[in-house]
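**Student:** Residue numbers (the working numbering), protein chains in the order written: chain Y, 1 to 65; chain G, 1001 to 1260; chain H, 2001 to 2301.
These aren't lab readings, by the way, just hints derived from the structure by calculation.
Quick caveat, the model's predicted, so the values are computed rather than measured.
All residues carry an ideal CB built from backbone N, CA and C; glycine is no exception.
Certain hints may be false.
[Claimed, not checked] In silico DSSO-like cross-links for lysine-lysine, where the CA-CA straight-line distance does not exceed 27 angstroms:
(1) Lys2128(H) with Lys39(Y)
(2) Lys1259(G) with Lys2262(H)
(3) Lys2238(H) with Lys2207(H)
(4) Lys2127(H) with Lys2114(H)
(5) Lys1020(G) with Lys2128(H)
(6) Lys1097(G) with Lys2262(H)
(7) Lys2018(H) with Lys1259(G)
(8) Lys2149(H) with Lys1259(G)
(9) Lys2055(H) with Lys1097(G)
(10) Lys2016(H) with Lys1259(G)
(11) Lys1097(G) with Lys2114(H)
(12) Lys1252(G) with Lys2083(H)
(13) Lys2073(H) with Lys1252(G)
(14) Lys1259(G) with Lys2055(H)
(15) Lys2083(H) with Lys1097(G)
(16) Lys2083(H) with Lys39(Y)
(17) Lys1257(G) with Lys2137(H)
(18) Lys1097(G) with Lys2137(H)
(19) Lys2055(H) with Lys1257(G)
(20) Lys2238(H) with Lys2262(H)
(21) Lys2083(H) with Lys1020(G)
[Stated by the list, open to error] Each pair of labels, with its calculated beta carbon distance range:
(22) Gly1128(G) with Val47(Y): 24 to 30 angstroms
(23) Ala2287(H) with Pro38(Y): 51 to 57 angstroms
(24) Asn34(Y) with Gly1128(G): 25 to 31 angstroms
(25) Val60(Y) with Ser1256(G): 25 to 31 angstroms
(26) Pro1228(G) with Asn2126(H): 33 to 39 angstroms
(27) Ile27(Y) with Asn2126(H): 17 to 23 angstroms
(28) Leu1016(G) with Lys2016(H): 46 to 52 angstroms
(29) Ile52(Y) with Gly1202(G): 42 to 48 angstroms
(30) Ser1074(G) with Ile27(Y): 28 to 34 angstroms
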Amino acid sequence: MDLESIPWMLILPFIIIQLILMLVAIIDLTRVSNTNGPKWLWALIIVLGNLIGPIIYFIVGRRNE
Amino acid sequence: MNNFSVLFQKEWRENLRNFKILWIPLVFLLFGITEPLTNYYLPQILNAVGNMPEGTVFPFPEFTPEQIVMATVSQYQFIGMLVITLGFAGIISRERKNGNATFLYVRPISYASYVYSKFSMMCILVIGSVILGLLANLYYTNVLFGPVDAGAFVGFLGTYIVWLLFVVSVVLFSSAAFSTAIASVVSLALVLFFQFIDALLGAYWTISPWKIPMYAGYVLSGSVDKTPFTWSLIITLLLVVLLIFGAVYFAKRNISKTKI
Amino acid sequence: MKTLLHMQGLTKQYGKEKAVDDLTFSLLKNTSTALIGPNGAGKTTTLSMLAGLLKQTNGTIVFDGEVTEDIRKVIGFLPQYPKFYSWLTALEFTEMAAKLSGVDHKIAKQEAVKTLEFVGLSDVKNKKTGTFSGGMKQRLGLAQAIVHKPALLLLDEPVSALDPIGRREIMNLLKELQETTTILYSTHILNDAEEMTDQLVFLRKGKLVEQGSMQQVREKYANPMYKIYFISTEEAAKFVEISPWPARQEDSIAFIHLEEEKPVMNEVLRVLADSQLSLLKVERATASLEEIFLQVVNKDE
Chain Y
1 MDLESIPWML
11 ILPFIIIQLI
21 LMLVAIIDLT
31 RVSNTNGPKW
41 LWALIIVLGN
51 LIGPIIYFIV
61 GRRNE
Chain G
1001 MNNFSVLFQK
1011 EWRENLRNFK
1021 ILWIPLVFLL
1031 FGITEPLTNY
1041 YLPQILNAVG
1051 NMPEGTVFPF
1061 PEFTPEQIVM
1071 ATVSQYQFIG
1081 MLVITLGFAG
1091 IISRERKNGN
1101 ATFLYVRPIS
1111 YASYVYSKFS
1121 MMCILVIGSV
1131 ILGLLANLYY
1141 TNVLFGPVDA
1151 GAFVGFLGTY
1161 IVWLLFVVSV
1171 VLFSSAAFST
1181 AIASVVSLAL
1191 VLFFQFIDAL
1201 LGAYWTISPW
1211 KIPMYAGYVL
1221 SGSVDKTPFT
1231 WSLIITLLLV
1241 VLLIFGAVYF
1251 AKRNISKTKI
Chain H
2001 MKTLLHMQGL
2011 TKQYGKEKAV
2021 DDLTFSLLKN
2031 TSTALIGPNG
2041 AGKTTTLSML
2051 AGLLKQTNGT
2061 IVFDGEVTED
2071 IRKVIGFLPQ
2081 YPKFYSWLTA
2091 LEFTEMAAKL
2101 SGVDHKIAKQ
2111 EAVKTLEFVG
2121 LSDVKNKKTG
2131 TFSGGMKQRL
2141 GLAQAIVHKP
2151 ALLLLDEPVS
2161 ALDPIGRREI
2171 MNLLKELQET
2181 TTILYSTHIL
2191 NDAEEMTDQL
2201 VFLRKGKLVE
2211 QGSMQQVREK
2221 YANPMYKIYF
2231 ISTEEAAKFV
2241 EISPWPARQE
2251 DSIAFIHLEE
2261 EKPVMNEVLR
2271 VLADSQLSLL
2281 KVERATASLE
2291 EIFLQVVNKD
2301 E
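Same shape as in the complex, but just chain Y (with noise of 0.2 angstroms):
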């Protein structure tokens, strides 16, 4: 498969979700004083888990106080 068959009208907003919901949960983790865990941890995890990180993140790794 090369570069301009890949239909990125398609893919696109695919990857800019995803970014935003990784980019809404760095956000968070910045702003919020305490989580359950490291901070650096859970920030590895958003930014390396893929689709599940984010969620993961704010599921369990959030404090909600």
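Please build the complex by placing chains G and H on the supplied structure of chain Y, with the hints as guidance.
**Tutor:** Structure of chains G and H alone, referenced to chain Y:
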């Protein structure tokens, strides 16, 4: 509905500021897009990354558009339901546990308004996110696999929303009745485990809330058997009403468990 | 003066344990009452029952002449450890509190602003409560309790977590509020009660053990006494034997409690001079608040 607007504003602000209003729709949107994309491009992806001998052809099944939509729903049924149950299990119990709720409970609020404010917020988030995700899914499916009948899709969406109402009220009820940890387990059991049981043994009955997602699929493909479908809807909606009343009852009964 | 609230035989039982046991007392309108007792005496339980957070096992609460189950409409409550929604600002929170307590939605914000000014949080009213220090939280807790101008203010240990300056500031605010509000607050520090309080109610193990104004309690328990310091324990013991008045002894000190200002010091000195005992010092003393507190909550043990 005294105080409903004030309490709803509080819920709104909370979900705005803890980003739930952003990340939950994004998650459903992502899974809505992923399913048609991967199903369409999987052969090419495998060819690109795999070490296939030249000329190997996998017999990939040809999917109908309806099958793609239903594959998305089954994603929602697992990961989506996991997000909803775990993400909202503390919606009432957490306020009790950390003592925030003391300020509400010493005021002359109506517990019905209190529960409705949370129910409304959850419905907006959950149903809104699913509609958003399924509309995106519909678009992708349409482009990659072909059109879906609009009328059938609306019927399918309506049916699936009834299931979501059931999930929302199960989580809300559990959170009103139990601690966050127990509420998570109970709602997971009622939403995910019972679904599994129903799929395993469900041949013996036809009327069940846990069959609603399946019936939604039948509605989509235009092959639904009206009688068990209608009865399942009625039973499920009745359960929703009961669960909400139960949530109000327990929210009030459990005020003495609030940390002071 | 008019009685605002009367509780009759208020009891809260957990299993066999009675957290509050047959409590009866009244709050007069626009007066302040302190619930005093050591930790576990039932102060918080009593306040929680009045606030409607707990249901009493037994007993009635009469508010303004009517037996009532729910006085939430007319109270303000400050818990011992106020917890706030960290994602709301002080103003948003106080405004919400006002609206939920029945303040007209149109003036709720304005009332919230005024109240925050009163408690000294004007500068930080648009900050999220999650960033607040302990003292600020206590003020905000007070603000949410008074923003709807309740007839009765219930405060659970309002100052015990504060430093001396914060304590004074909150006490001054309460003094100001007292002109228009009936206040019931709990404390385990008697000194806090001293200044502003009209009535003291002492609790021990859920039971009322003493009640009255500060002056009455002082007169009853801090009755003046002579402390007579001797050179040795034996000397003090000898004095207790020969003393014409009832006396007791602690180490080398002998005590004579005055009754209606008798005996006078001269008589005591005469007896001492005649006794030929080795005297160090004689003084007239009263029990400190701390001693009164211990005396009251330990009596009839």
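**Student:** Holds or violated: Lys1259(G) with Lys2262(H), Cα cutoff 27 angstroms?
**Tutor:** 53 angstroms, violated
**Student:** Measure nothing beyond the straight line between the CA atoms of Lys2073(H) and Lys1252(G); if it is 27 angstroms or shorter, mark the hint as holding.
**Tutor:** This hinted pair holds, its Cα atoms lying about 16 angstroms apart.
**Student:** Below or equal to 27 angstroms on CA atoms is what counts here, so check Lys2128(H) against Lys39(Y).
**Tutor:** 22 angstroms, holds
**Student:** Between Lys2055(H) and Lys1257(G), does the CA-CA distance stay at or below 27 angstroms?
**Tutor:** At roughly 12 angstroms apart (the allowed maximum being 27 angstroms), Lys1257(G) and Lys2055(H) satisfy the hint.
**Student:** Taking 28 to 34 angstroms as the hint, is the beta-carbon distance of Ser1074(G) and Ile27(Y) inside that range?
**Tutor:** Between Ser1074(G) and Ile27(Y), where Cβ atoms are some 32 angstroms apart, the hint holds.
**Student:** Would you check the hint for Lys1097(G) and Lys2114(H), treating anything up to 27 angstroms between C-alpha atoms as holding?
**Tutor:** Judged against 27 angstroms, a Cα distance of about 31 angstroms means the pair is violated.
**Student:** Take the C-alpha atoms of Lys2016(H) and Lys1259(G), compute the straight-line distance between them, and say whether it is at most 27 angstroms.
**Tutor:** Given that 27 angstroms is the threshold and the Cα spacing comes to 22 angstroms, the pair holds.
**Student:** Holds or violated: are the alpha carbons of Lys1097(G) and Lys2137(H) at most 27 angstroms from each other?
**Tutor:** The hint holds at about 19 angstroms.
**Student:** Holds or violated: Lys2083(H) with Lys1097(G), Cα cutoff 27 angstroms?
**Tutor:** Between Lys2083(H) and Lys1097(G) the Cα gap is close to 11 angstroms, so the pair holds against 27 angstroms.
**Student:** Given the hint that Lys1097(G) pairs with Lys2262(H), test it: the Cα-Cα distance must not exceed 27 angstroms.
**Tutor:** Violated, because 58 angstroms separates the two Cα atoms, which is more than 27 angstroms.
**Student:** Going straight from one Cα to the other, do Lys2127(H) and Lys2114(H) come out at no more than 27 angstroms?
**Tutor:** This hinted pair holds, its Cα atoms lying about 16 angstroms apart.
**Student:** Does the Cβ pair Asn34(Y), Gly1128(G) satisfy 25 to 31 angstroms?
**Tutor:** 29 angstroms, holds
Hint compliance for this structure: hints 2, 3, 6, 11, 26, 29 are not met, and every other hint is.
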